[in-house]
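*Asks:* For reference, the chains in residue letters:
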Amino acid sequence: MHGPSMDGVSLFVGSLIAVVVILDAITDSRNERDPRRSLVTFLGLFLAASTRDLLWIYVGFEAFSLAAIIRYAKLRGAPLRARAMVGSGASLLGVLLVAVSSRATDLAELESTTAVNLGVLLFAVGLIIKWLQSQAAPFLFLGASVALVAVFVRVEAWAPGIADELETVSWLVAAAAIVAGGVGSALATSTRSLGVWLTIFTVGLAVIALSGGAPALPYLLMHLAASSVVIALVLTGTKPAGTWLAMLSLASVPPFPGFVTKLVLLAGLQPNTLTVALVGLLFAGIGCAREVERPKLFSLRDDDASTRERSWVTLAVLAVVLVFGLFPEALIGVATHAASGLF
Amino acid sequence: MAPDQAFPLLTALVFLPALGGLVVAIVGQRSDVLVPWLAALFAGMTLVLAVWVLGETGGGGLSELRAWVPAMGVSFILKSDGLSSVLVVWVALSTLLTLIATLPGLRTAVAMLFLETAANGIFFAQDVFLVFAFLGGVVVAVAWLSSVPRNVLVFATAGLTVLFGWFVRFYQMAYAQTGFASTELARWRSLVLYPDEERSLFLLGACGIVLLVPAFVIAVDNAPRAHRLVLFATIGVIGSYLVLRLLVPLCPRGAEASSSWVLAFAALVMASAGLARGFTLMAVGYHGLVLFGLFTFQESVVVGAELMMIAVAIGFFGLVLTTSRGLVWYFVLFLIGLPIVSVLVPVWEGHPLWAMLGTLTFVMMAYRFVTLAKASLVNNVDNFANGSRRRLLSASPVILWSVSMIIGWSVWTAQVKPSAIDFINSSSVRRSRPARDARP
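Keeping their order, the protein sequence lines are chains A and B.
FYI, the numbering used here numbers position 266 of the first sequence as 266, with every residue one higher than the one before it.
FYI, the numbering used here numbers position 126 of the second sequence as 1126, with every residue one higher than the one before it.
Treat the hints with caution; some may be incorrect.
Stated by the list, open to error - Lysine to any residue pairs mimicking SDA-like chemistry, simulated, CA-CA at most 20 Å apart: (1) A:Lys239 / B:Gly1326; (2) A:Lys239 / B:Val1148; (3) A:Lys239 / B:Ala1025; (4) B:Lys1374 / B:Gly1326; (5) A:Lys239 / B:Leu1022.
In short, the hints are calculated from the structure, not lab data.
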């Protein structure tokens, strides 16, 4: 079994997960704030994002899932636990299938056989179910999204044969996520639901961009960083100016970060895939446009009657837009350094 | 081409209004009274710089080149020529006059200045990424000036997404053919495309620009009256400029192959303007006429169409600004007479059938225009500037400019002719370079 490694990708992705978890803790009301639960969430997702061993990935997602259930069991109850169990079951079954057929769970040691491919597919399905069941908590969903993309990156890097065999399936799932995320964004009626659908779109685009191979990885990381940080800041609560900047970025309006980070990513796609991505982007852009100056009638939490507009969050959005959008060289350098050595 | 300047004059000209916008935004938090005058000060300084740059275009224009995002092949390239310099002077003048005539509040003044920066950037940019960056700035400023920003942004993001796809496709081809990433306009103009792909790209880019038009219509129709001035002055010009400097030069064969469709579409737009209920759609109709002129690819008509771009902005700006009956009719006659002389008459020499269609639809448009003008004089709509003296002061430069276009027609023609020749030659240069064979 190969344990977690502190390579560039795990540090980059771990930073994003840390930002999301911290912002989640900040938006928690005082009686709900639990540092231990936040720590478990972070460690679980970081573990899942930092290892190429299926068993460790499973453990990481389980830890995250338990923290999410504890947090939202009061609100969502049995359906949430049921979905989590289904996801866990599928992932565990997949790991067992892989372990029995190849006597290893390290992606680098797996060979592409029918049983292994099926096992990895089941494992991925289980992860996706656990990922989707966390959408009751937008921040946790966002963190899990980042970790999920990191898992896909590691499969592509360390088990390219398996990734090639499952390429059609992963393309279909990613395309569905792009289109569903885009359409969902366009029809979203609240900031929270918009954040969830944009997250799905972000993940779909990141996974489909993996087909570009190693050269696409730095830009995939950039896209993940720009999108996840901005979504997290919007969910935290910004003033109208910050919402404008964030939505323009997420709608990929030039020269905001969304446009800059997606340019090279989209340039690495085949024409059919590019068309799917642009269709999703079109609807996502419409959703973001509708969010601008939307009356803030909805709160982020069911049990919170107020929606706060935080000045420091607005400043953070401005900083992200300036750094990632107008001066992206630094981010390109960091992402390239993080991606080097993985493939 | 003139060597790079030691002092970045073009960069200063582009970003001075934005700097002014920031200053106004900060000062405006404490004092509303200073806002319009401080904004007018920066607009005035921009006008001075613009006139200076216009004077420098005789030697081949100015240029500036800097790297921006080398990893992505993006450069910060600005270049001035006859047409772009004139357009920048117009935008600077119209912004200054709007500020003086309307004395807007903080949000409006800041948005106007940022719009001016974005427009100037589009006119000077020679890197396609830079064009898109400033186009995004235009969209944001227009949405900000509108009273229904969500509706404006919905259409604008749709158009920008389509253009994004167009941009990505060219980016892919640039990398495939040259071996490195680049977004320089000159490099993209040298790309060799399959005929069918070039036509598809032309139509895709055209769709993107067309999708931006409803955003403009919504923005203007729903803008407070004070904002409509600056929107009339800049938006239509930018749209035509994108076709002239970006879309056609990058897809010349596609443009020529689609010219019949574009001419028909332009005629349809003009015919639709014949049913317009307000000046907004009428202005759209006039830009249809500009499109009509450009796609004849006939030198004299293209020159006329480029001058029409400016004349339409001047005419509608003056029309909305002024209140006197005499001046309203002056601008109406200006907007009816100039197209006849600059576009419709020359078209008959080269394309009689299209000229017939264009003339017919223009007559419909002109008739409707006169009707609207009469109604506006009766109802006193679309005239809003407070204070007759300030209005007359603001209208005077516009009147003088329009008169100069009538009297000094040959001077104006000489000013824009090089860009018209470049526009026509872009297709002939591409024709001389062998096209990629048809796909197997």
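*Asks:* Tell me if the straight-line CA distance from Lys239 (chain A) to Gly1326 (chain B) falls inside 20 Å.
*Replies:* The hint is violated at about 48 Å.
*Asks:* Is it true that the CA of Lys239 (chain A) sits at most 20 Å from the CA of Leu1022 (chain B)?
*Replies:* Judged against 20 Å, a Cα distance of about 18 Å means the pair holds.
*Asks:* For the pair supplied as a hint, Lys239 (chain A) and Ala1025 (chain B), is the alpha-carbon distance within the 20 Å limit?
*Replies:* 16 Å, holds
*Asks:* Between Lys1374 (chain B) and Gly1326 (chain B), is the straight-line Cα distance small enough, at 20 Å or below?
*Replies:* 12 Å, holds
*Asks:* Are the Cα positions of Lys239 (chain A) and Val1148 (chain B) separated by 20 Å at most?
*Replies:* Cα-Cα ~18 Å, so holds.
Checked against the numbered hints given earlier, the structure breaks only hint 1 and satisfies all the rest.
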